[in-house]
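Protein chains in written order, with this note's numbering: chain C, 197 to 434; chain G, 10 to 370.
No lab work stands behind these hints: they were computed from the structure.
All values reported here derive from a predicted model rather than from experimental measurement.
Glycine residues also receive a C-beta, built at the ideal position from the N, C-alpha and C atoms.
Be aware that a few hints might be false.
If you only want the chain C side, here are some residues facing chain G, beta carbon under 10 Å, derived [claimed, not checked]:
| hint | residue |
| --- | --- |
| 1 | S256 |
| 2 | I264 |
| 3 | A267 |
| 4 | S270 |
| 5 | G304 |
| 6 | W374 |
| 7 | P377 |
| 8 | H389 |
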Amino acid sequence: MLSAQDMREAEAHGRSVKAVYVYEAPVRLWHWVNALAITVLAISGWFIASPLPSQPGEASENFLMGYIRFAHFSAGYVLLIGLLGRIYWAFVGNHHARQLFVLPIFNGTWWKEVLFELRWYLFLERDPKKYVGHNPLAQFSMFTLFLTTTLFMIVTGFALYGEGAQEGSWAHTLFTSWVIPLFGQSQDVHTWHHVGLWVFLLFVLLHIYAAIREDIMSRQSLVSTMLSGWRMFKDDKP
Amino acid sequence: MVETFYEVMRRQGITRRSFLKYCSLTAASLGLGPAFVPKIAHAMETKPRTPVLWLHGLECTCCSESFIRSGHPLAKDAVLSMISLDYDDTIMTAAGHQAEAILEEVMTRYKGNYILAVEGNPPLNQEGMSCIIGGKPFIEQLKHVAKDCKAIISWGSCASWGCVQAAKPNPTQATPVHKVIHDKPIIKVPGCPPIAEVMTGVITYMLTFDRLPELDRQGRPKMFYGQRIHDKCYRRPHFDAGQFAEAWDDEGSRKGYCLYKMGCKGPTTYNACSTVRWNGGVSFPIQSGHGCIGCSEDGFWDKGSFYDRVTDIQQFGVESNADRVGGAALGVVGAAVAAHAAVSAIKQSRSKQSDVNDKQG
Numbered sequence: 197m198l199s200a201q202d203m204r205e206a207e208a209h210g211r212s213v214k215a216v217y218v219y220e221a222p223v224r225l226w227h228w229v230n231a232l233a234i235t236v237l238a239i240s241g242w243f244i245a246s247p248l249p250s251q252p253g254e255a256s257e258n259f260l261m262g263y264i265r266f267a268h269f270s271a272g273y274v275l276l277i278g279l280l281g282r283i284y285w286a287f288v289g290n291h292h293a294r295q296l297f298v299l300p301i302f303n304g305t306w307w308k309e310v311l312f313e314l315r316w317y318l319f320l321e322r323d324p325k326k327y328v329g330h331n332p333l334a335q336f337s338m339f340t341l342f343l344t345t346t347l348f349m350i351v352t353g354f355a356l357y358g359e360g361a362q363e364g365s366w367a368h369t370l371f372t373s374w375v376i377p378l379f380g381q382s383q384d385v386h387t388w389h390h391v392g393l394w395v396f397l398l399f400v401l402l403h404i405y406a407a408i409r410e411d412i413m414s415r416q417s418l419v420s421t422m423l424s425g426w427r428m429f430k431d432d433k434p
Numbered sequence: 010m011v012e013t014f015y016e017v018m019r020r021q022g023i024t025r026r027s028f029l030k031y032c033s034l035t036a037a038s039l040g041l042g043p044a045f046v047p048k049i050a051h052a053m054e055t056k057p058r059t060p061v062l063w064l065h066g067l068e069c070t071c072c073s074e075s076f077i078r079s080g081h082p083l084a085k086d087a088v089l090s091m092i093s094l095d096y097d098d099t100i101m102t103a104a105g106h107q108a109e110a111i112l113e114e115v116m117t118r119y120k121g122n123y124i125l126a127v128e129g130n131p132p133l134n135q136e137g138m139s140c141i142i143g144g145k146p147f148i149e150q151l152k153h154v155a156k157d158c159k160a161i162i163s164w165g166s167c168a169s170w171g172c173v174q175a176a177k178p179n180p181t182q183a184t185p186v187h188k189v190i191h192d193k194p195i196i197k198v199p200g201c202p203p204i205a206e207v208m209t210g211v212i213t214y215m216l217t218f219d220r221l222p223e224l225d226r227q228g229r230p231k232m233f234y235g236q237r238i239h240d241k242c243y244r245r246p247h248f249d250a251g252q253f254a255e256a257w258d259d260e261g262s263r264k265g266y267c268l269y270k271m272g273c274k275g276p277t278t279y280n281a282c283s284t285v286r287w288n289g290g291v292s293f294p295i296q297s298g299h300g301c302i303g304c305s306e307d308g309f310w311d312k313g314s315f316y317d318r319v320t321d322i323q324q325f326g327v328e329s330n331a332d333r334v335g336g337a338a339l340g341v342v343g344a345a346v347a348a349h350a351a352v353s354a355i356k357q358s359r360s361k362q363s364d365v366n367d368k369q370g
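Excised from the complex, chain C in its bound form (with noise of 0.2 Å):
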């Protein structure tokens, strides 16, 4: 099912559209960024959860504790501007790079799509839809699971973060001086900043697992839509 702009530009094509443009360069270069970032700060988070093994010698002689730490935190950042930079696409670039933000909760045929998405997953459909953008069900899970995790990332990291950076810092002055007395006390925001790393863990296998089985399996690319930015259809069937 193509939408309302995507048929126009499906007509602006003449009739037989094989390929359409869909994520501009930056959504690209971000996608991977934060991809790199996530697998830095999943990596780093971990190691500062459940540290190595004790290093020898002199304490003046090492630093791998605060390297590790450095790691996490300059991905952490990478992760916060990626974000901020992807919000201010979602404003000027086009209508695809909106679909992240905004979930159309309140659109029936919406609804009924993420449900037909489902019973494909469920094999109970035998032919799948085409879509330019990302297919509803994709969507919904783009928004719970990666959105909102991100978002809470961030607003806990950086809370944890604040901490180290004391009072009079950036990030304990927006995030610090709130997160902590909302969760109570620091360990509780430790454990939840933890339960995240988790959770992007589940949603990094259900991606890359869901991208890679609908390049096989569905009417058009996946994979190779993140590197070039067309959207690649393999059949002319509507």
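Here the structure of chain C is known, so what remains is to put chain G in place on it, guided by the hints.
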């Protein structure tokens, strides 16, 4: 006639030299420069002493025990006489009706001008029967005395957060002071117990400057609770270097490595232990080789083991930590994905087969 602090101290046999020494030590412990020493001295010489009424609810008296051990030279004598502690049922001489009469007398004479210090907290279940003072539930005494006070100091984790008697399942419904008194400024001085010098420091600040110390969002004085134990820990270099004790008797433990992996709560605990230390600056838990247990943090009894870094989560009804919950979830979803992939592969090959058949047919 109302006496000044200085007059009281002199009457108690404290020399002027000792008095001035006390003023400079107090200035130092509050983080003030030498210029404040004459100000403190002046305030104590001219201001009428402010009476403090010290009530005891559900508690273990460890706050009092800490307070009377304030280690600075003369601090305990000076502060005890200085704050004009007119009522404290644990350490006062008077008892029974005589003691309760003092409470009423101070409340009328210094109406709106006395400080209420609360150690422990009121239990609310069974109409407050779990803590009876002078024949009445403690909650009644607390509300009665709080009505006309200038400010309330919540001593220790009991009054500030609830502490052990409020730990799950909290059978007596022990409730921290700020949840039952809403119309007075409340200064929380948490800790189990709080550091003696922190306690005397807070009181001295309030009397000297005639205002509350600057508080953070959770109502704790910033000067003592603005930083974590971790921020000023002398073992911090070992943390940054990645050198940890892994067991209580291992080589790292002997070398005084960081206790992070042993569950030290220094990184999540706001208190002054690593700077002020205890017993006159002799030591503090981490210096003695044991991790911080986070006793000045809200609900520290219910936040999992004192010896785990990644502590347990109780919200799911089962006690499990983030790694076990997350690992299990990832395992289940991973298995589901694998099964789904297998079925997908079969479907794909079948539909290809049928496509071929269609074309041939």
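Each hint, compared with the structure:
1. Given the 10 Å rule on beta carbons, the hint for S256(C) holds: about 7 Å separates it from the nearest Cβ of chain G.
2. Residue-level restraint check for I264(C) holds (minimum Cβ-Cβ distance to chain G is 8 Å; threshold 10 Å).
3. For A267(C), the suggested interface contact is broken, since its CB lies about 13 Å from the closest CB of chain G, more than 10 Å.
4. The criterion of a C-beta within 10 Å of any C-beta in chain G is not met by S270(C), whose closest approach is roughly 16 Å, and the hint is violated.
5. Because the smallest distance between the Cβ of G304(C) and any Cβ of chain G comes to about 28 Å, over 10 Å, the interface hint for this residue is violated.
6. A distance limit of 10 Å between C-beta atoms decides the matter here; for W374(C) the minimum to chain G is near 7 Å, and the interface restraint holds.
7. With a cut of 10 Å, the hint placing P377(C) at the interface with chain G holds, because the nearest CB-to-CB distance is about 5 Å.
8. Hint status for H389(C): holds, given a least beta-carbon distance of 9 Å to chain G, under 10 Å.
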